[in-house]
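Sequence order for the protein chains is A and B. Read left to right, the first sequence gives residues 47 to 457 (our numbering). Read left to right, the second sequence gives residues 47 to 457 (our numbering).
In case anyone wonders, no lab produced these hints; they're calculated from the structure. One or more of the hints may lead you astray.
Note that identical chains are pooled: a pair holds if it fits in a single copy or bridges any two copies.
What the hints assert, rightly or not - Straight-line Cα separation of at most 30 Å, DSSO-like style, residue types lysine-lysine; simulated pairs:
| hint | residue 1 | residue 2 |
| --- | --- | --- |
| 1 | Lys79 | Lys450 |
| 2 | Lys351 | Lys362 |
| 3 | Lys362 | Lys249 |
| 4 | Lys351 | Lys328 |
| 5 | Lys362 | Lys352 |
There are 2 protein chains.
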Amino acid sequence: METSLERIRKDIEALSHFNATPGCGVTRFSYSKEDRQARDYLLEQFKSLDLDVSIDGVGNIRARYLGKDSDAPIVMTGSHIDTVLNGGKFDGVAGVVGALEIVRVMHENDIRPTHSVEIVIFTEEEGSNFYSTMAGSKALTGKYGIDDLKKISNENGVSMFDVARQFGLTPENVEEHRIRPGEVKAMIELHVEQGAVLDDEKKTIGIVNAIAGMKTFVVTFTGKSNHAGTTPMYLRENPMSAAAQVISEVEDILQQVGTHSTVGTVGKIICVPNVPNVIPNKVAFTLDVRDVDPRGIRAAVAEFKKRVADKAAAHKVEVDISLIAQGQAIQLAGTVVGTIETAAQELGLTYKKMNSGAVHDSAMMAELTDVGMIFVPSVAGRSHVPEENTPFEDIKAGCDLLLKTVLRLAR
Amino acid sequence: METSLERIRKDIEALSHFNATPGCGVTRFSYSKEDRQARDYLLEQFKSLDLDVSIDGVGNIRARYLGKDSDAPIVMTGSHIDTVLNGGKFDGVAGVVGALEIVRVMHENDIRPTHSVEIVIFTEEEGSNFYSTMAGSKALTGKYGIDDLKKISNENGVSMFDVARQFGLTPENVEEHRIRPGEVKAMIELHVEQGAVLDDEKKTIGIVNAIAGMKTFVVTFTGKSNHAGTTPMYLRENPMSAAAQVISEVEDILQQVGTHSTVGTVGKIICVPNVPNVIPNKVAFTLDVRDVDPRGIRAAVAEFKKRVADKAAAHKVEVDISLIAQGQAIQLAGTVVGTIETAAQELGLTYKKMNSGAVHDSAMMAELTDVGMIFVPSVAGRSHVPEENTPFEDIKAGCDLLLKTVLRLAR
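Chain A with its partners taken away, still in its complex shape (with noise of 0.2 Å):
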């Protein structure tokens, strides 16, 4: 009993088509006309399965696929359709097409485990609109109330909770429709590595074993605007030199103070008034450290902190240092990653356990349930772009290993 490579194929293709920028990559947001299509496209393949579909108040859909024990607590599996601007087809489809294709096998083969099977649809994962990732997720699990729906809007000004309401939705029911403790077993998400690491290893899966931590910061340096060709190197107060000693250091601090997994990316800058002969007198960047242990962060953001002071200090700036946002390192459940594991090895296939750098809609799962997560590889790592690759292969072989998975926690 296997996943069909065809048909997984034929949803992935199918679900990349329904794309607000055809040409340059997949570009399809939560509550856009494109994302309505994506869910139409779903919500039909689910009737034909016979699912139980609740949809809540913003969008999150859940399809369920009965076990003999109807108030078993459920096995849930499933990611997200919504996608960055010019971002890939396999981000998030492939864990929603995954799980849509073995509950399709089950059904096919008649197989009713005691535990109902649940695909889970989570709403606004990449914060596209709202600049809020996992929105959707943040809901379900009740780190979001109305009031959060409200606060968070798009570039419009328009909030979340009123977008959801033009799409038809009823955002005011969203605190009933959360997930209660108890009511799921384990929650499991195929999603693609978006690293290069398989890939390069030349592994098939990734069994991951926790998510990062991440704290991202804004740093602005403030000095004076003058004529670049009138103003002596001795009379600046430049801003962008500043930014730059402390951008070019990053990699430096984080083999220094770091853990062998810490990460940081300067991903954002922003120069006022960004003309070539004029010195900036304001220079903004962002940086985002990541660790699964949460001394690898400790460490580098003290150093990275010190570091600004003293580059501000040395070139006559002012300096301000926000934390705009932060996650927790997560560990997923021990029982669940052996499960995959065992899993993996009667199938035969190539795995790695690792980390993830990237935090997914499984992470919010974390406080409520067992959490597993499979990762297949990205060619070359690439992702969030139009080049996204993976191998129909290799999400098959996801497929199968998810199957497997799910049956054994459901049985």
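Assemble the complex: chain A is given as a structure, and chain B must be docked to it using the hints.
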């Protein structure tokens, strides 16, 4: 016989009200409504002084106060009235108002020198519309022809040629109105320093010996975008790290290989996709290098290029360096510098012989005639910002010096 502080103040204040961004500095782009209003104000003044006014195909205004010998080469003085976005009220305007004021003084005292004295207002010095600085003086001095005016265009893709036509000018005639060799005896421009040297040394006047040459480069590092959490440091091809290292070494490069007058500025940086949790795939920045001594530019650029290549290799990223602007260093005319200095001594003004880090319209005139420049202090060196300031007493001192110098050259 001296200039009038009250009239100077009144003119500068009046011009500052022709402004697209009240409350946020002065914004007066060439060919805008505000430019039209400022031109009308000045043309009204010229009319009351019975000046012969001519306007060329791109809007350069020349207003002649006739000398006794109408065939003798003219003495020219003036500057520009266009500004950068959210600039100050003195840059350019000081030299135009100064030129107007000295002609007023000649007119009210019925002084008629041998040589005609001509006020000149150059169009589009700042390059705010077409990203090409000194486009007006380049046209007037033959450096730009019709083809060039058709090539440079604004952010809507409309050429300077077409915008000038829409403004009611006849750019097709621009080449006929070029200044001919022998037509101008000398050009003197009064301008705010735009740097902090005079303010720092408490001098009222700067007498410019030379205008710095400059080269501006765009350096583009291209690597691979990837997820900030899932990509180990050793698998990254990160253009931000390479860029930050180069930028952080600019000051060191100047100290190691520059002259005492070399300056270097990174004023603009672009990061793609510029998202906190994505390793950038492209970081591009400008480097503006200036020096009155060409050896300083040459040595700094060579060392800069070497380090750019080193950092690209170290971070496994591609790199491209493009020269986007350049100007040669210009020595101003020794005879004119001497005339200004003698006049400054006679007026009992504190002065400093200095270099100009910024290029000015006068530099465009240097191939056609003898050029001199008079600087007045910029408070704290601030320029191209709303806070730009020069005490009116200092502007009046500059105008008195301009008057004495022009009368001596035109007598």
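We went through each hint and held it up to the structure:
no.: 1; hint: Lys79 / Lys450; in the structure: neither (35 Å within a copy, 73 Å between copies)
no.: 2; hint: Lys351 / Lys362; in the structure: both (16 Å within a copy, 28 Å between copies)
no.: 3; hint: Lys362 / Lys249; in the structure: between (51 Å within a copy, 25 Å between copies)
no.: 4; hint: Lys351 / Lys328; in the structure: both (18 Å within a copy, 26 Å between copies)
no.: 5; hint: Lys362 / Lys352; in the structure: both (15 Å within a copy, 29 Å between copies)
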